[in-house]
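K.L.:
Protein chains in written order, with the working numbering: chain D, 1 to 175; chain U, 1 to 127.
If you're looking for bench data, these hints aren't it; they were derived computationally from the structure. Treat the numbers as computed from the prediction; the structure is a model and nothing was measured. Hints may contain errors.
[To be verified] Using 25 Å as the maximum straight-line C-alpha spacing, the simulated BS3-like pairs for lysine-lysine come out as follows: (1) K52(U) <-> K16(D); (2) K16(D) <-> K57(U); (3) K52(U) <-> K75(D).
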Amino acid sequence: MRWIWIDRFVEFESGKRAVALKNVTLAEDHLHDHFPGWPVMPNSLITEGLAQTGGLLIGESFDFEKKVVLARIPKAAYHFAVRPGDQLHYTTEVEYVHEDGSMVRATSRVGDRVQAEMEIVYGHIGAGTSAPELSEQKSFVFTMKLLGIFDVGRGANGARAIEPPGLIRFQEKVA
Amino acid sequence: MASESEVFEKVRTALTDALGVDDDEVVPTATLVGDLGAESIDFLDIVFRLEKAFNVKIPRGELFPDDILTNAQYVKEGKLTAEGMSELKKRMPFADLSRFEQNPLVKDFGNQLTVQDMCRYVASKLS
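Input sequences plus hints: build the corresponding full structure.
P.N.:
Below you can see the structure in the form of structure tokens.
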């Protein structure tokens with residue numbers, strides 16, 4: 001099973017901000033159990049999607065040479081239930097990035113309504129620490145690349161966007 | 001310059017935001033690790049919030065000089081040596097280390113730092 005909770009990025013401004021989309025559909029099995037007769041996208045998975053959006057934004061600024069792991073969510077608020085047919089916009093903005101950790105401010109929206117908001121703190125596991133873990137990270141990034149998740153349509157300024165520079169450098173190193 | 005109570009209020013906000021603890025838990029005598037449940041990753045977050053709240057730069061190792069505690073020169077059988085202790089005091093003039101000094105087990109060091117120590121540290125950065 002692929003643990004990917006975003007469909008693709010629509011904005012990617014290296015080291016600053018990323019926006020990803022998540023379409024919620026009744027074709028997703030879990031919605032039929034959560035809850036029977038009243039399908040609602042679990043807030044835990046919305047949190048995971050926000051954490052992936054922010055984690056890839058942070059990872060890219062290190063050319064994916066560090067494993068970026070979710071460490072803590074100091075605060076979070078959820079405002080309404082997300083239903084099939086909703087399109088979630090996950091916006092993450094970098095608050096700070098240090099060598100060994102970082103934080104993003106994350107917001108989930110449906111249309112112009114703010115559905116969830118939170119702060120997400122990541123810990124960074126450096127290059128050369130654990131080979132299996134880092135290769136797992138690389139294969140995750142590759143999977144994301146193959147699925148076209150980074151094929152950003154337009155950048156924040158409206159210009160046709162290119163691949164995030166960290167992803168390009170990452171590919172050159174691996175190739 | 002910020003008054004003592006202004007410093008305390010901002011430190012309190014940084015700690016409640018980073019650790020998700022209640023206002024009334026953050027008292028001057030509370031230890032960050034033991035009483036407020038801070039873990040190593042939280043110190044990064046706390047330092048960032050302090051930098052932002054007070055508009056200061058906090059270099060790594062200044063608030064928590066962990067390099068001393070991992071230096072074989074200063075540690076014997078899990079305890080900080082007298083030399084290590086005097087080095088630690090030099091680096092942490094803002095902290096009350098008297099309790100730690102009685103039995104300076106390195107593994108207990110993490111639980112020394114109190115809210116009051118942190119306020120004194122910030123005040124020293126501002127003066």
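K.L.:
For this structure, which hints from the list above don't hold up?
P.N.:
The structure breaks none of the hints.
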